[in-house]
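K.L.:
Can you build the whole structure from these sequences, using the hints too?
Keeping their order, the protein sequence lines are chains A and B.
First residue of the first sequence: 2, per the working numbering; consecutive thereafter.
First residue of the second sequence: 30, per the working numbering; consecutive thereafter.
Bear in mind the hints are in silico, worked out from the structure with no lab data behind them.
The beta-carbon is built from N, C-alpha and C at its ideal position, and this holds for glycine as well.
Hints may be right or wrong, so weigh each one.
[As the list claims (entries may be wrong)] Computed list of chain B residues with no C-beta within reach of chain A, every gap over 10 angstroms:
id	residue
1	ILE41
2	ALA51
3	ASN57
4	ASN60
5	HIS70
6	ASN99
7	ASP102
8	THR106
9	SER109
[Stated by the list, open to error] Cβ pair distances, simulated, as ranges:
id	chain 1	residue 1	chain 2	residue 2	range
10	A	ALA2	B	THR44	29 to 35 angstroms
11	B	ASN57	A	PRO116	40 to 46 angstroms
12	A	LEU57	B	GLU32	27 to 33 angstroms
13	A	SER29	B	ASN85	14 to 20 angstroms
14	A	LEU57	B	PRO37	40 to 46 angstroms
15	A	ASN42	B	ALA51	37 to 43 angstroms
16	B	THR49	A	LEU83	38 to 44 angstroms
Listed below, chain by chain, are the residues.
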Amino acid sequence: AQSVAQPEDQVNVAEGNPLTVKCTYSVSGNPYLFWYVQYPNRGLQFLLKYITGDNLVKGSYGFEAEFNKSQTSFHLKKPSALVSDSALYFCAVRGGQTGANNLFFGTGTRLTVIP
Amino acid sequence: DAEITQSPRHKITETGRQVTLACHQTWNHNNMFWYRQDLGHGLRLIHYSYGVQDTNKGEVSDGYSVSRSNTEDLPLTLESAASSQTSVYFCASSGTRLSGELFFGEGSRLTVL
Chain A
2 AQSVAQPEDQ
12 VNVAEGNPLT
22 VKCTYSVSGN
32 PYLFWYVQYP
42 NRGLQFLLKY
52 ITGDNLVKGS
62 YGFEAEFNKS
72 QTSFHLKKPS
82 ALVSDSALYF
92 CAVRGGQTGA
102 NNLFFGTGTR
112 LTVIP
Chain B
30 DAEITQSPRH
40 KITETGRQVT
50 LACHQTWNHN
60 NMFWYRQDLG
70 HGLRLIHYSY
80 GVQDTNKGEV
90 SDGYSVSRSN
100 TEDLPLTLES
110 AASSQTSVYF
120 CASSGTRLSG
130 ELFFGEGSRL
140 TVL
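P.N.:
Right, here's the structure in full:
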């Protein structure tokens, strides 16, 4: 069965510092991995995805994520945090088997960037 | 621009009443999904559809139903609302590629008193 874990409910980082939001996954077959961001009272917005190829994936708003197969991780990173990055971040996985189009989401990590 | 819209955005109802949340997308996507978001649980899948006349149960489908009579719409019905169904509900859609991302609506906040 597919699942993702986000071990940190809350991450605080100072503006200008690098940030990391952690995600580990469990899936049968090849994983399709996604990061989404949610601002207050809004729907989820797609940030980036890993399907295959280069382990470092670049996405929207300067975010990137590193796929690590041996550690089954897909951590979200940004070199320099902005106050406007403060939001709720979700990791998600889709199993590689045929027909499995739905995503399984983690419980979310609230990122707060401190000015 | 293509979009996905949910209505109503906010609703308060009473225990035992039937409630329908609407979802309409203009992406012409075959795949549509309903999730609920609750603190500590993230997003959990309620029902999903891969095309017209196709519906499938997700991990928390009890007390909910959906129907897919056309490509654009997937209404979610709570047959007899319960307080445990107080939540924020999100509709999403995606294309047929497994690599395709989901596009989400703005959410419907439902309170069951």
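K.L.:
Against each hint, give a clear statement of whether it holds in the structure.
P.N.:
Status of each hint after checking the structure:
{"no.": "1", "hint": "ILE41", "result": "17 angstroms, holds"}
{"no.": "2", "hint": "ALA51", "result": "15 angstroms, holds"}
{"no.": "3", "hint": "ASN57", "result": "15 angstroms, holds"}
{"no.": "4", "hint": "ASN60", "result": "5 angstroms, violated"}
{"no.": "5", "hint": "HIS70", "result": "6 angstroms, violated"}
{"no.": "6", "hint": "ASN99", "result": "19 angstroms, holds"}
{"no.": "7", "hint": "ASP102", "result": "17 angstroms, holds"}
{"no.": "8", "hint": "THR106", "result": "19 angstroms, holds"}
{"no.": "9", "hint": "SER109", "result": "26 angstroms, holds"}
{"no.": "10", "hint": "A:ALA2 - B:THR44: 29 to 35 angstroms", "result": "33 angstroms, holds"}
{"no.": "11", "hint": "B:ASN57 - A:PRO116: 40 to 46 angstroms", "result": "43 angstroms, holds"}
{"no.": "12", "hint": "A:LEU57 - B:GLU32: 27 to 33 angstroms", "result": "31 angstroms, holds"}
{"no.": "13", "hint": "A:SER29 - B:ASN85: 14 to 20 angstroms", "result": "19 angstroms, holds"}
{"no.": "14", "hint": "A:LEU57 - B:PRO37: 40 to 46 angstroms", "result": "42 angstroms, holds"}
{"no.": "15", "hint": "A:ASN42 - B:ALA51: 37 to 43 angstroms", "result": "19 angstroms, violated"}
{"no.": "16", "hint": "B:THR49 - A:LEU83: 38 to 44 angstroms", "result": "40 angstroms, holds"}
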